[in-house]
Amino acid sequence: MAPVKFEQAMARLETIVSELEKGDLSLDDSLKIFEEGIKLSKTCLKMLDDAERKVEILIQDKDGRKRLRALSLEEDEDEPAHST
Amino acid sequence: MPRTVVDRPQRILTVSALTALVRERLEESFSDLWVEGEASNLRTPSSGHIYFTLKDATSQIRAVLFRTGAQRLRFALKEGLQLVVRGRLTVYEPRGEYQIVLEYLEPKGLGALQLALEQLKERLAREGLFDPSRKRPLPFLPRRVGVVTSLAGAALRDILAVLRRRCPTMGVVVAPVPVQGDEAAAQIAAAIRALSSSKLVDVMIVGRGGGSLEDLWCFNEEAVVRAIAASAVPVVSAVGHEIDFTLADFAADYRAPTPSAAAEAVAPVLDDLIETLRDRAARLKLAVRARLRGDRQECAAALRVLYARPLPVEQAAQRLDDLTGRLGGSVTDTLSAWQRRADACRHALEACSPRIRVGSALTLVPQLVKRIEQGMRAALALKHQATRSIASALDGLSPLAILGRGYSIVQTVPDGTVVKRARDVSAGDQVSAKLADGRLLCDVRKILPS
Chain A
1 MAPVKFEQAM
11 ARLETIVSEL
21 EKGDLSLDDS
31 LKIFEEGIKL
41 SKTCLKMLDD
51 AERKVEILIQ
61 DKDGRKRLRA
71 LSLEEDEDEP
81 AHST
Chain B
1 MPRTVVDRPQ
11 RILTVSALTA
21 LVRERLEESF
31 SDLWVEGEAS
41 NLRTPSSGHI
51 YFTLKDATSQ
61 IRAVLFRTGA
71 QRLRFALKEG
81 LQLVVRGRLT
91 VYEPRGEYQI
101 VLEYLEPKGL
111 GALQLALEQL
121 KERLAREGLF
131 DPSRKRPLPF
141 LPRRVGVVTS
151 LAGAALRDIL
161 AVLRRRCPTM
171 GVVVAPVPVQ
181 GDEAAAQIAA
191 AIRALSSSKL
201 VDVMIVGRGG
211 GSLEDLWCFN
221 EEAVVRAIAA
231 SAVPVVSAVG
241 HEIDFTLADF
251 AADYRAPTPS
261 AAAEAVAPVL
271 DDLIETLRDR
281 AARLKLAVRA
291 RLRGDRQECA
301 AALRVLYARP
311 LPVEQAAQRL
321 DDLTGRLGGS
331 VTDTLSAWQR
341 RADACRHALE
351 ACSPRIRVGS
361 ALTLVPQLVK
371 RIEQGMRAAL
381 ALKHQATRSI
391 ASALDGLSPL
401 AILGRGYSIV
411 QTVPDGTVVK
421 RARDVSAGDQ
431 VSAKLADGRL
441 LCDVRKILPS
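Just so you know, the protein sequences line up as chains A and B, in that order.
FYI, the numbering for the first sequence is 1 to 84, going by the numbering used here.
FYI, the numbering for the second sequence is 1 to 450, going by the numbering used here.
Hints listed in this document are in silico derivations from the structure and should not be mistaken for laboratory results.
Quick caveat, the model's predicted, so the values are computed rather than measured.
Beta carbons: idealized from backbone N, C-alpha and C, even for Gly.
Hints are supplied without guarantee of correctness; some may be wrong.
[Said to hold, decoys possible] Distance ranges between label pairs, derived from CB positions:
no.: 1; chain 1: B; residue 1: ALA125; chain 2: A; residue 2: GLU21; range: 43 to 49 Å
no.: 2; chain 1: B; residue 1: HIS241; chain 2: A; residue 2: ASP24; range: 49 to 55 Å
no.: 3; chain 1: A; residue 1: LYS42; chain 2: B; residue 2: HIS241; range: 31 to 37 Å
no.: 4; chain 1: B; residue 1: HIS241; chain 2: A; residue 2: GLN60; range: 27 to 33 Å
[As the list claims (entries may be wrong)] A few chain A residues that face chain B, going by a derived Cβ cut-off under 8 Å, partial list only:
no.: 5; residue: GLU7
no.: 6; residue: LEU20
no.: 7; residue: CYS44
no.: 8; residue: LEU48
no.: 9; residue: LYS54
no.: 10; residue: ALA70
Turn these sequences into a full structure, and let the hints guide you.
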């Protein structure tokens with residue numbers, strides 16, 4: 001699930017940064033984790049960019065099936081209505 | 001001895017009539033009263049009515065709570081419970097017993113709701129529903145947030161406003177429910193289950209805005225508490241204000257004091273996240289650059305040290321040169337001595353070589369040839385001279401020499417046949433007369449035989 005990956009990616013990124021800042025790694029390893037870190041930071045940013053805000057409402061039909069439809073409140077009027 | 005009835009009464013009552021009279025009086029006099037006492041001899045037959053005895057240290061009275069009242073009861077009636085009840089007196093005629101018919105009862109010293117809450121809380125706690133070990137961490141960055149609340153309430157607006165402010169990209173799925181009234185608990189529980197099983201959300205907020213204890217009551221209902229505890233995703237409770245606690249709060253993975261606080265708990269601030277990411281990326285670059293710079297400086301320093309003192313390699317090279325020189329010197333000396341000896345031998349050998357003889361022969365041959373040529377030339381000169389003297393001697397004998405003395409030779413023209421007799425030619429022929437110094441071309445005019 002994306003959020004878990006994001007959290008893990010963030011945690012890994014933090015680890016990488018502090019490892020690099022400590023500077024005990026070999027040059028080879030430093031470059032390796034540096035590359036990994038840069039990749040992670042890009043992935044994380046992309047995850048944030050890719051998210052799309054929708055406010056939906058969960059409706060139960062008479063036959064018991066559930067479906068989503070866009071919710072539009074007055075306070076939320078600038079929110080484009082998405083139909084699901 | 002019993003008193004004998006001397007005077008007959010005007011009117012004799014039946015038991016029923018008496019009981020009815022008593023009932024009438026009692027109901028009239030005690031139509032609405034409050035009594036306090038301890039519950040005992042509790043009976044709850046399948047009819048749904050509740051029968052018990054209300055007693056104190058010295059007295060007791062039968063009490064009945066009919067089914068409709070029993071269903072409204074918020075707490076479990078238990079033996080020994082101190083109660084404050086409100087009701088009216090009546091008589092159960094078949095047994096001639098008077099009793100109090102209850103309209104309302106509450107535990108003494110504690111509100112009924114409160115007692116019920118305590119009882120349910122205790123029961124669910126024993127089941128482990130509120131164990132801290134059950135609490136799950138909230139997801140760091142939920143894909144979507146479920147919200148179980150009223151569409152009309154301020155809670156939803158607060159939650160949406162906070163979510164939008166903090167994390168404008170986060171999706172929201174609202175499961176609308178009534179948040180007060182008889183139906184509320186069942187619907188809230190159903191909505192929680194629906195969101196949980198939908199797999200649509202990573203976390204959900206269950207709650208409503210502030211209200212009276214009764215208003216918030218549905219969040220104390222067992223159905224709601226169990227639905228929260230059973231949810232597949234973490235649940236944040238947000239019921240009422242900060243001071244309000246409900247059982248939903250105890251069962252939830254996180255209890256937020258208000259709906260806004262719940263939204264803050266589930267949504268990270270997107271800008272902060274992005275900032276953190278950028279910061280980490282920047283730190284990464286800085287760290288690796290610093291690392292590389294450090295390495296480079298170390299390299300440079302090491303190189304300076306290396307250049308500053310003679311390298312073992314250089315020393316070795318020099319020594320090698322030295323040794324090679326010396327080695328070469330001695331070897332060369334030896335070699336040239338041998339070379340000289342070898343040369344001497346070769347010269348000696350060459351001196352007796354057949355090639356030497358051939359060589360001297362080779363110089364002899366041209367000398368001989370030269371001498372032969374000289375001899376030949378001398379001999380030839382002699383021969384020439386002899387020949388020339390013979391030729392001049394012969395000259396005097398030549399017929400041509402006769403021409404010098406006035407003779408001529410006549411020849412036909414053009415054949416050159418020597419004309420020896422007159423008849424050899426005819427008049428008109430041409431002849432040539434050869435003289436010592438030339439020729440005469442002559443026409444024959446006449447043949448004159450001698």
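Now the hints, each set against the structure:
{"no.": "1", "hint": "B:ALA125 / A:GLU21: 43 to 49 Å", "in the structure": "holds (47 Å)"}
{"no.": "2", "hint": "B:HIS241 / A:ASP24: 49 to 55 Å", "in the structure": "holds (52 Å)"}
{"no.": "3", "hint": "A:LYS42 / B:HIS241: 31 to 37 Å", "in the structure": "violated (43 Å)"}
{"no.": "4", "hint": "B:HIS241 / A:GLN60: 27 to 33 Å", "in the structure": "holds (30 Å)"}
{"no.": "5", "hint": "GLU7", "in the structure": "holds (4 Å)"}
{"no.": "6", "hint": "LEU20", "in the structure": "holds (4 Å)"}
{"no.": "7", "hint": "CYS44", "in the structure": "holds (5 Å)"}
{"no.": "8", "hint": "LEU48", "in the structure": "holds (6 Å)"}
{"no.": "9", "hint": "LYS54", "in the structure": "holds (5 Å)"}
{"no.": "10", "hint": "ALA70", "in the structure": "violated (10 Å)"}
Hints 3, 10 from the list above are not met by this structure, while the remaining hints are.
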